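Asker: Residue numbers (my numbering): 1 to 105.
Hints in this document: simulated from the structure, not taken from any laboratory.
Don't take every hint at face value.
[Claimed, not checked] In silico SDA-like links for lysine to any residue, alpha-carbon gap of 25 angstroms or less:
| id | residue 1 | residue 2 |
| --- | --- | --- |
| 1 | Lys-17 | Ser-4 |
| 2 | Lys-17 | Ser-80 |
| 3 | Lys-17 | Gly-35 |
| 4 | Lys-39 | Val-65 |
| 5 | Lys-17 | Leu-67 |
| 6 | Lys-20 | Ala-93 |
| 7 | Lys-17 | Pro-64 |
| 8 | Lys-20 | Asp-63 |
| 9 | Lys-20 | Glu-54 |
| 10 | Lys-17 | Asp-41 |
| 11 | Lys-20 | Gly-35 |
| 12 | Lys-39 | Gly-72 |
| 13 | Lys-39 | Ser-27 |
| 14 | Lys-20 | Asp-56 |
| 15 | Lys-39 | Met-1 |
| 16 | Lys-20 | Leu-67 |
| 17 | Lys-20 | Glu-44 |
| 18 | Lys-17 | Thr-55 |
| 19 | Lys-39 | Glu-54 |
| 20 | Lys-39 | Asp-76 |
| 21 | Lys-20 | Phe-86 |
| 22 | Lys-20 | Glu-47 |
| 23 | Lys-39 | Gly-19 |
| 24 | Lys-20 | Pro-64 |
| 25 | Lys-39 | Val-52 |
| 26 | Lys-20 | Asp-49 |
| 27 | Lys-39 | Thr-55 |
| 28 | Lys-39 | Gly-82 |
| 29 | Lys-39 | Thr-51 |
| 30 | Lys-17 | Ala-85 |
| 31 | Lys-39 | Ile-23 |
A quick note: this is a predicted structure, and the numbers were derived from the prediction, not measured.
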Amino acid sequence: MALSPSAAERVRLIAQKQGKPAILRLSVEGGGCSGFQYKFDLAEAPEGDDTVSETDGAKLVVDPVSLDLVAGSIVDFVESLGGAAFRVENPNAAAGCGCGSSFGI
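Given these sequences and hints, build the entire structure.
Answerer: Here you go:
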């Protein structure tokens with residue numbers, strides 16, 4: 001799992017504006033139209049059992065339970081006419097929805 005350069009840049013920008021460390025937490029929760037949904041938060045620090053990946057000074061942290069569902073994923077930041085958002089390119093997802101925020105295994 002990793003942050004793309006554009007996602008790392010966006011995490012650093014958001015963290016700077018909020019006066020927090022550039023640490024993006026990705027977790028997976030039950031729900032959404034495909035069974036699971038991604039949740040993003042800024043974290044103060046990694047937890048002891050988190051998996052941590054760093055790109056261009058920004059960190060991506062994932063808890064052990066979520067890691068099973070997002071291992072090998074790339075978190076990207078995309079801007080389009082529909083808006084701007086973090087997107088997860090998840091090789092484990094067998095199905096997804098149009099909004100890109102939920103997936104199925």
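Asker: Honestly, which of those hints from before does the structure not fit?
Answerer: 3, 5, 6, 7, 11
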